[in-house]
Each structure stands twice: as structure tokens, then as C-alpha cells.
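Novice: Chain by chain, the residues run as shown.
Protein chains: 2
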Amino acid sequence: MSILSAALFFTRAHLVAALLTGCTPLPILEVSLNRLRTVLPQETNLTTIYDVAKAAGVTAATVSYVLSGRGSISQATREKVLKCAHELGYRPNLLARSLTKQQTRTIGLVIPHIINPFYAGIAETVERNAYTRGFRTVITNTYEDERLGQELLEDLAARRVDGIIALPGGLSLAAIQSMLKSGLPVICCLWEEEGQNIPSGVGLDFKRGGQLVARHLLELGHRRLSIIVDTRPDGSLDHHLRFSGFTETLQDAGCPLEPQFIAHGDSSLESGEAAAHQLLTQPERPTALFATNDLMAMGAISAAWKLGLHVPHDLSVVGFDNIALSPFMAPPLTTVNVDRDRLVTLALNLLLGRIEGKQLETPPLLLPEMVIRSSTAAPAPERGPASP
Amino acid sequence: MSILSAALFFTRAHLVAALLTGCTPLPILEVSLNRLRTVLPQETNLTTIYDVAKAAGVTAATVSYVLSGRGSISQATREKVLKCAHELGYRPNLLARSLTKQQTRTIGLVIPHIINPFYAGIAETVERNAYTRGFRTVITNTYEDERLGQELLEDLAARRVDGIIALPGGLSLAAIQSMLKSGLPVICCLWEEEGQNIPSGVGLDFKRGGQLVARHLLELGHRRLSIIVDTRPDGSLDHHLRFSGFTETLQDAGCPLEPQFIAHGDSSLESGEAAAHQLLTQPERPTALFATNDLMAMGAISAAWKLGLHVPHDLSVVGFDNIALSPFMAPPLTTVNVDRDRLVTLALNLLLGRIEGKQLETPPLLLPEMVIRSSTAAPAPERGPASP
DNA sequence: CTGAAAGCGCTAACAA
DNA sequence: TTGTTAGCGCTTTCAG
Chain A
1 MSILSAALFF
11 TRAHLVAALL
21 TGCTPLPILE
31 VSLNRLRTVL
41 PQETNLTTIY
51 DVAKAAGVTA
61 ATVSYVLSGR
71 GSISQATREK
81 VLKCAHELGY
91 RPNLLARSLT
101 KQQTRTIGLV
111 IPHIINPFYA
121 GIAETVERNA
131 YTRGFRTVIT
141 NTYEDERLGQ
151 ELLEDLAARR
161 VDGIIALPGG
171 LSLAAIQSML
181 KSGLPVICCL
191 WEEEGQNIPS
201 GVGLDFKRGG
211 QLVARHLLEL
221 GHRRLSIIVD
231 TRPDGSLDHH
241 LRFSGFTETL
251 QDAGCPLEPQ
261 FIAHGDSSLE
271 SGEAAAHQLL
281 TQPERPTALF
291 ATNDLMAMGA
301 ISAAWKLGLH
311 VPHDLSVVGF
321 DNIALSPFMA
331 PPLTTVNVDR
341 DRLVTLALNL
351 LLGRIEGKQL
361 ETPPLLLPEM
371 VIRSSTAAPA
381 PERGPASP
Chain B
1001 MSILSAALFF
1011 TRAHLVAALL
1021 TGCTPLPILE
1031 VSLNRLRTVL
1041 PQETNLTTIY
1051 DVAKAAGVTA
1061 ATVSYVLSGR
1071 GSISQATREK
1081 VLKCAHELGY
1091 RPNLLARSLT
1101 KQQTRTIGLV
1111 IPHIINPFYA
1121 GIAETVERNA
1131 YTRGFRTVIT
1141 NTYEDERLGQ
1151 ELLEDLAARR
1161 VDGIIALPGG
1171 LSLAAIQSML
1181 KSGLPVICCL
1191 WEEEGQNIPS
1201 GVGLDFKRGG
1211 QLVARHLLEL
1221 GHRRLSIIVD
1231 TRPDGSLDHH
1241 LRFSGFTETL
1251 QDAGCPLEPQ
1261 FIAHGDSSLE
1271 SGEAAAHQLL
1281 TQPERPTALF
1291 ATNDLMAMGA
1301 ISAAWKLGLH
1311 VPHDLSVVGF
1321 DNIALSPFMA
1331 PPLTTVNVDR
1341 DRLVTLALNL
1351 LLGRIEGKQL
1361 ETPPLLLPEM
1371 VIRSSTAAPA
1381 PERGPASP
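In order, the protein sequences belong to chains A and B.
Each residue of the first sequence is one higher than the last, beginning at 1 in our numbering.
Each residue of the second sequence is one higher than the last, beginning at 1001 in our numbering.
No wet-lab data here; the hints were simulated from the structure.
Hints may contain errors.
Unchecked claim - List time: in silico SDA-like cross-link candidates among lysine to any residue, alpha-carbon distance up to 25 Å:
(1) B:Lys1101 - A:Tyr50
(2) B:Lys1083 - B:Leu1046
(3) A:Lys54 - B:Gln1102
(4) A:Lys181 - A:Gly254
(5) A:Lys358 - B:Leu1046
(6) A:Lys306 - B:Leu1307
Produce the complete structure using the sequences and hints provided.
Specialist: In C-alpha cells:
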């Protein structure tokens, strides 16, 4: 087959189309469009730029130009096009646009669970921040399931998001690495290095957070401390750090954490309540309790309430995250603040930079800070059987 | 210009391309692909089906067939294609797929504010439910801003979501109608009819909810009732119904709501606390308080706590929504349950039905139900200055 | 069972 | 200032 015959082949269909419709050659493209569209269940009669172009008596390119504000278009045609577009209820097709432009101006945010106000807060901050920088964000929940997480990551990539912000919990490092390898920028936030090679991102000094809590409680005079910690396999590792910062500080203070005062949860309210109940119904109760997130702390306060214990008089409670609810608990929760605005700003800088090809430096770990409210106080004076 | 010259025009570039690359005519499509791709900032080297096809020694169509599982492909080529796809790290481009298939298998969910656990719960339910039915969902927050809401709706349409579930708050009826007009299915959930012509959806009998609360409090013996209600212009109207159900019932019981016992909030914790503070620092305090959502109720409990008032002894508090947190407040909140699972299931049935072209009937209003927990009790016996 | 080709809606380089 | 054309990556007839 010669090159010439190939050219003929390629052309034939067009010729036929032109002949069949008896049109002048110019609108060849036009007549062949919107033809043979497979009959859709839902009658979607979306207008295209071709429709607008036809109505305005110009070409699709012209319409594209006026719509994008690029190129130089006479005032007259601009107005006419705009008018037609409006009248036809034209709405651009972002799929097509993104396909040609090779970018979606969309980022993906992967979090464990939107029901946790900590993540909801992050999501809001990311969404708003990204929006002002011209990006839409699609929020994605792993529900702490690595299989799902992997799938969702693939899906985001398949949707060609321009970049991803990934929080730990339901996301394997391998999955992320795979994205990175295919050239998709991923920024890891609050991820925990454990000797592993975490891709660039912005982290927080969780260990220090645990230390702060221990110190605060110790300073108040507590000696019988307890902890509720989230240590699930698929979960994020940072809870381990909150834990070790806490225990090591106690250890150093000569007041090691007793094994029966360690309980486990899954970061949920329910688990916090259950764990606290278990902790508080032991023969000798702890006088203070550190839950490695605010939701579990809230559960703990609830457990105390149900046992008729007064917080902070009978039990001091400390959380971690400083979610929006914390100041409104009864009592307001003492907790560890994570500067979400800063976190998100840094992460977005990193991500948008990477999207533009810049290879920015990973910023230093953020420092958590104690927020002392009313759920902690000095322990009540000992009035056990031994005291007078 | 004749038809013939047009044909020549159309062909020339192809000829040139073929000549330049010196290829046999068949792979014209192939050689011209992935050429001249504008240099992108981020080096995205995504593989396409053409790459896979080339590697496997077949055509793109064949690759498409094996990947989609459609058509009949010999076991041999299937395996070879699959292998190549895997080795090349092929990831489908959903933009392109959606563009040709004229559907995205994605629905949009528009809510006011994800930080409100009520909406977070809805979002989770929708996401999971849709997922099992083969749809991804993109969550969108209006932040109660109608301008933003309108824009986001447009954006969802532009992304060609297959359908939208819209909750009130930051969404104008006009905006929705406009979507509907262009053929995009929209299901309105928890929307409030006010004589207006609400598009199909699933609603809840909010008024009845307000009545239930009033009855409950009345039955407990309360006579000095108060309310915190969200009545913002851009907000949803259902709070008005909760309000009128409440007041009318009180009225009927011969115990009308006093004007100074009506306070306003914006559905947030902060506003609930502030409004409650105002209510509770009046010379004569109410003995019960109904907040038209749980978040404001939580704020109210917080306000009471800060004023040294005991809930429910000094003040009964009732919320609305029954968010996941409610059972874990201190005390556990008495509230009105909205059956989210049912709500979402119905909405999704409606929406997916509409997407498939079926015109299903609007289901009857859901009925709210009282959930009595520990934040309500009989009022403490009167011990004001007048009593002995 | 596989290949060729058209088309989805839009953009952008180039030509006119 | 506007038009022509190729191409983004994929699906889907229609041929063979």
C-alpha cells in the first residue's frame, strides 16, 4: 500500500460525508460532529462550542478564543459569541478541555475519614486554599482500608488530577511511590518517618506532642497516668510517636506508665469511650488520661460522665489535634494543637510548586503546642483507704 | 473552493507527516500521536493505549477491548496486552474515556459545610452507597454562599457529573432549575417546600420534628422554654419549620414561646454557645432550650457549663439531627433523629434512576423521631425569690 | 478475532 | 481578526 493510497483512504470518508450532505467543504468538520451520538438513557442535550459557533456564524476556534479570553477578537464578534453562548446555555466541557490542555486544575486530597472533625477541618482548609489558587479539590476517604486507598489513588490518577495531598491512614507507601513514579506529584502530610523513605511533604513533631502532654500532667502533680492509643496495623504511625513521647517522658521523670494503664482505640469516639471505661473501672483508677486524639478524648469524657466521675476533679483528660469541637466540650478540652493553616499552606506550596515543575525543599517539622483548657487540673487529694 | 481542494487540504498535513517520518501509511495515526505535545512543566509521561498497543504488537482498539473486557479476544493476545499494560504502568485516562462514553460514572454532592458532622455523615453515606453502585462522588461545600454554590454547581456540570444530590444551604432554586433544564439530573434532599416548586427529591417532615421536641419538653413539665434557631437568608429554610412546629405546639398547649426566649444562630457551635449565653443570663432563665441543630445544642451545653449550670438539672437541652457525636456529649444529647441511611438510599435510588432515564416518583416525607437521652429531665422545683 | 477509522468537545499553532 | 487543522486518549461501529 502506498502513501498515496493511504491518503485516499483517509480522505474517502470525508468526501463521502461532504457529498452526502451536499455541503460546501468548509463545514465538513461541523456536519460530522454530533452525529451518530449513541442514544443515551438520559437525554443530555449539552451545547458545544460548535453549536455556539454555528449560531454566531463563526468557527469553533473563535468561540474558544473569546471564551478563554485569549487571542484578539473584535468586540463585535466577541459580543455576538457571548450572547449566543448565553442563549444556548452553553457550558464548557471540562473533560475535553482537560484532555487537550493536559491538566485538570484539580488536586486530590486523600484522608482516612471525613467524619473525624480533624480531617474535616483539613479538608476545608485545603479546599478553600486551593480554590483561591485556582484549583478545585476532590476529597477522598480511605476509611482506613489500604485496598480502598490504593484504588482511590489509582482513580485520582486516572482522573488526571494535577497532584495529590495524602494523609496517612489507609494508604501504603508503595501505592504512593507508584504514583510518584508515573510522574504524579504527591505531597505527604503528617506522615511518619520510621526510618522509611517518605516522599516529600510536611510533617509534625508528634513525639514532642506526647512529651508536652506528659510534662503538663506531671507538672499538675499527676502520678497515676493512663493513655488510650490508636495502634492499628493499617492506621497511621504517628500515634506511636505520640505514645513514645509520652511514655519516655514519664519514664525519665521516674514515673513510668503502668501496663494496665495502657488501652487501645481506633481513633473513634466509640473506641475512646470503651477504652476509658475499661481504664476507669479498674480497682485503682488513674487520675489522668491522655487520648492520642480528641475524638477518643471526648469518648473518655463521656465514659467518665457515665461513671459519675467529674472531669477534671476526678480525672484529667488530654486530647490531641485541637479539633473545632474541643473548646465546646464540657469541660473544654485540654489538647495539643496542630496548626492546620500552616500545615495546609506549606503542603499546597509544595504541591503547586511541584506541579509547576519546581523541586522545592521539604520544610522542617511543624511544632505542636499545648492548649490548656479546663479538662485538666491537679489531682484530687488522695483519700483512698490508706489515708486518714 | 471546491470539494476536491478541501479534501486535498485536509490531507496534506498527513502526507507531510508520513513523508517526514518515512513510515508506512498504516501507522499514520500512531506516529502523529504523542507528537508535539506542548512541553509541560511537570514531566508527565503517562502511557496511553497506543503505547501498550505498540508494545503488544496490536492496535489500540484491541487493547481497549481487552481492558474493557468487551468483545472477543484470543487468550494469547489478551495476556500479552495485559502484560504490556502492566509493565508500562498503564493507567487509563478517565477524561478521555468519559469524553467518548458521554458519562463519568460520577455524581456530585453539594452540601453547606463538611465541618458539620451531620453533613459529614451524609457525605460518607452517599460516598459509600454510590461506590457500591459503581459511582464515585465528588463532595462540594458551598459554605452557605450562594455565589459559590452557583459556581460549584456550574463546575460540577462542566465536569459532566452524571447527576447531583443537592442539600439546601448556599444553593438557590434558580441555579438548580438551570441544571435541570440542561438535562442534568438533580435530586434535592431535605429541601423545604414553601409553596415553591421544588424539584424531585426526598424530604423530611421538619415541622413534625419541632412538634416532637415541644411535646417532649412539655411532657417533662417545662413551661419556660427557649429556642435557638438558624434563620439566615442564604441558609436552608427547614430551620423555620423546626421553629414553627415547636412554637405552634407550645401555643396550642397554652404555653406560648416568649419573645425574649428566642435567639438566633448560624448552625455553628460558636453561635450556639453565644446564643445560649444570652438566653441563660437573662434575669429569668428558661428551664429548657431547643437548638435547631445538634451543633448549636452542643454550644448551648458548653455555655451552660461555663455558667456553672447543670444539664439537665438546671437546664434541659434538645438538639436536632442526631449527629454521631450526640451520644457522646456530656450529657448525652436528647435530639431528633434523621434517618440518614434511608434518606441517602432513597435519594440515590431516585438519582440513579433518573440517570438511567427512569422518571421515578418522589417518595413521601421521611418522619423524624425523638431520641431521648440524658440532656433533658423534668425542671428543678421552682426556688425563685417568690417561693418560700 | 483484530484492524481501520471516526468521533467525543476543546485548544492552539499556523495560515490567511 | 478569524479560519483550518491536528491532536488530546479512548470507544465503538464496521470491515475483513
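Novice: Against each hint, give a clear statement of whether it holds in the structure.
Specialist: Taking the hints in turn, this is what the structure says about them:
| no. | hint | in the structure |
| --- | --- | --- |
| 1 | B:Lys1101 - A:Tyr50 | holds (19 Å) |
| 2 | B:Lys1083 - B:Leu1046 | holds (17 Å) |
| 3 | A:Lys54 - B:Gln1102 | holds (22 Å) |
| 4 | A:Lys181 - A:Gly254 | violated (48 Å) |
| 5 | A:Lys358 - B:Leu1046 | holds (19 Å) |
| 6 | A:Lys306 - B:Leu1307 | holds (22 Å) |
Of the numbered hints given earlier, the model fails hint 4 alone.
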